[in-house]
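Order-wise, the sequence lines are chains R and A.
Numbering (my numbering) for the first sequence: 1 to 285.
Numbering (my numbering) for the second sequence: 1001 to 1312.
These are calculated hints, taken from the structure and not from any lab test.
Every residue, glycine too, gets a C-beta built ideally from N, C-alpha and C.
Fair warning: there could be bad hints in the mix.
Here are the simulated SDA-like cross-link-like pairs (lysine to any residue), alpha carbons at most 20 angstroms apart as the crow flies [as the list claims (entries may be wrong)]:
id, chain 1, residue 1, chain 2, residue 2
1, A, K1143, R, R112
2, A, K1181, R, F8
3, A, K1303, A, I1287
With the C-beta cut set under 7 angstroms, the calculated list includes, among others, these residues of chain R facing chain A [what the hints assert, rightly or not]:
id, residue
4, T16
5, A115
6, S121
7, L124
8, R126
9, F175
10, W179
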Amino acid sequence: MAVHSHVFHPYAGARTSPRNRWMVVARYALSEALALKKTIALLVMAAFPLLGGAVVIYLHHNLEAIKILELPLKALVPIDAKFFYWILTIQCYIAFLLTATVGARVLVNDLRDNALPLYLSRPLTRVEYVLGKTAAIATLTSLVTWVPSLLLVGLQATLERGWIVDNWWLAPAIFLGAWTAIPLFALVCLAVAAVLRRRAASEAAFVALFIVVPLIARVVDQFLHMQWWIRFFVPAIFESLWTPLFRLQQSNGLSAGGALVSLVVALVLASTVLLRRVRAWEVIR
Amino acid sequence: MDTSPPVIALEGFGVKLGKRWILQELTAELKGRSIGLLGPNGAGKTTLINTLLGFHSVDAGRARMLGHDVAQERRALAAQVGYMPERDAFVAGMTGIHFVRLMGELAGLPSQVALERAHEALFFVGLGEARYRAVDTYSMGMKQMAKLAQALVHGPRLLFLDEPTNGLDPGARQRMLDLVKAIRDRGETRIVLSSHLLKDVETVCDEVVVLKAGRIATVCDLEAERRANQSFLELELRGGNGHFAEAAAQLGCECLVHSKRRLKLLLPPQVQVQQLYAIAAEQGVQIRRLQARRDSLEDIFLKAMEERDGGS
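Isolated chain R, as found in the complex:
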């Protein structure tokens, strides 16, 4: 029907699968995030360490270039598990910044103008809505963490025949390592946004949460003569989880099991807060 006829008519055509409806939420949230200059700037910023990593890998396999540079590059920066561990660590810091910058916005824009009743009056549950928003942030952060890190593994494997046979486990280590950070950042960011419902406050609170909570825990530790603060310190949690994956020596004293418990507790807390706050109507009791 032509739009100029200005007549309402019902729809009897095909409908998309209800199981994939959360992807609509994810797609629109992602396009909203990618429309921001800040997002593009952070994605460009995320490319620099990776380019650096790619250059180092290239130089390792280009003897002429090493000769010209007169650097003991192979001794200084060996291409091993530690190399990829540090690449992933740097990329996760950028993913954190990216989440802090655009994560809250994808939820706050809906909450600010009461769009939730419109979403939830359609065949979409609250869990699917949250899943869609989380998936949008996860897609963005994947673009700066495990996806490019795996490309570097691929580059190294291409340039050095047989290397991947001995180091195949690096690929799952990078993937699993990144996926300890991605849902944590996404869910905590969305939970903070769901509580505060203001973009700037949510962005600030998200960053503060990762700094303030371990600080408070450290103060409490001083009084109780305990060492619990490290369970709240996210870089330490990641280190404890990643070092066994990358077959590296652990140094911070927090066991992988303890770190996993901290991570799971944080994820459950964030999900609970989110599902309590993401409602079509809030009932004032």
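With chain R's structure known, arrange chain A on it following the hints.
Chain A in isolation, oriented as in the chain R frame:
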């Protein structure tokens, strides 16, 4: 005979928010093309709509819409329902077309179809020229129309309109009512309209549910009322000896309101208006005004409120 399931069927339906029962013991079968929800503030109109949409849980009894159980078959129902909330509701920063398309896709339309229908819906509500503007820059009236467009985009079988004329100037209000009537008259979409404006409900609806303090005060088939009250007369009289009413009663008329100068008569089918003029001539009464009218929705509403007060 109409064998289609009722638009809304309530059986001992109740909703509790916190510790308080907001809706209690609602039982009704609503089959109208356009159903009005009336009631004073706090009567439970919005809670009823929200519960039928699945936002609140059903705490007593059951409710069915279009033959589906509200509590058990929410997903199947949601695809067939459009909802225009009372409050402002849109996604900040999105253009009109983007917003309506998103809502279409969420209702299950394929992406390209959603885009086409978003254009159609926005033209239908009169926002064709403004569809590439951000929704948050729209005026109040335009936002109301955008809300209507998003509720229509997926071609719902049942449309919930919660106070659709709120905040609209007279012209915009009339446009909104005309659009709702156009949807109703197409006959493929049933409408539930919640409003505290009796005139809006009277203009659009053919069946009315009056809620009071969370209970149904009355369910009224406006179409039937309109038909039943065809020979209802209002008369303004001058002169005579005050026995006109008794004479009319002897003809078989029921006298509803009686004062010296004003009468409200319900005429039985066999009595003609000419017979009233004949009585007036006999008694020397001047009939200054004679108006055939039906009970207005206001009469029905006020009567329902009084009856509930009396009964409770």
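The hints, checked one at a time:
Simply put, K1143/A and R112/R have alpha-carbon atoms about 15 angstroms apart, close enough for the 20 angstroms limit, and the pair holds. Distance check on the hinted pair: K1181/A and F8/R sit about 11 angstroms apart at the alpha-carbon level, within 20 angstroms; holds. Between K1303/A and I1287/A, the direct Cα distance comes to roughly 28 angstroms. Violation of the 20 angstroms bound is thereby established for this hinted pair. The interface hint given for T16/R holds, since its Cβ lies 5 angstroms from the closest Cβ of chain A, which is under the 7 angstroms cut-off.
Proximity of A115/R to chain A holds as hinted, the smallest CB-CB distance being about 5 angstroms (cut-off 7 angstroms). Of the supplied interface hints, the one on S121/R holds, with its beta-carbon coming within about 4 angstroms of a beta-carbon of chain A, less than 7 angstroms. Taking 7 angstroms as the C-beta cut-off, the interface hint given for L124/R holds, the closest approach to chain A being about 6 angstroms. The restraint placing R126/R at the interface with chain A is violated, with a minimum CB-CB distance near 10 angstroms, outside the 7 angstroms limit.
A hinted interface residue such as F175/R counts as satisfied when its beta carbon comes closer than 7 angstroms to some beta carbon of chain A; here the least separation is about 30 angstroms, so the hint is violated. The beta carbon of W179/R comes no nearer than 27 angstroms to any beta carbon in chain A, farther than 7 angstroms, and the hint placing it at the interface is violated.
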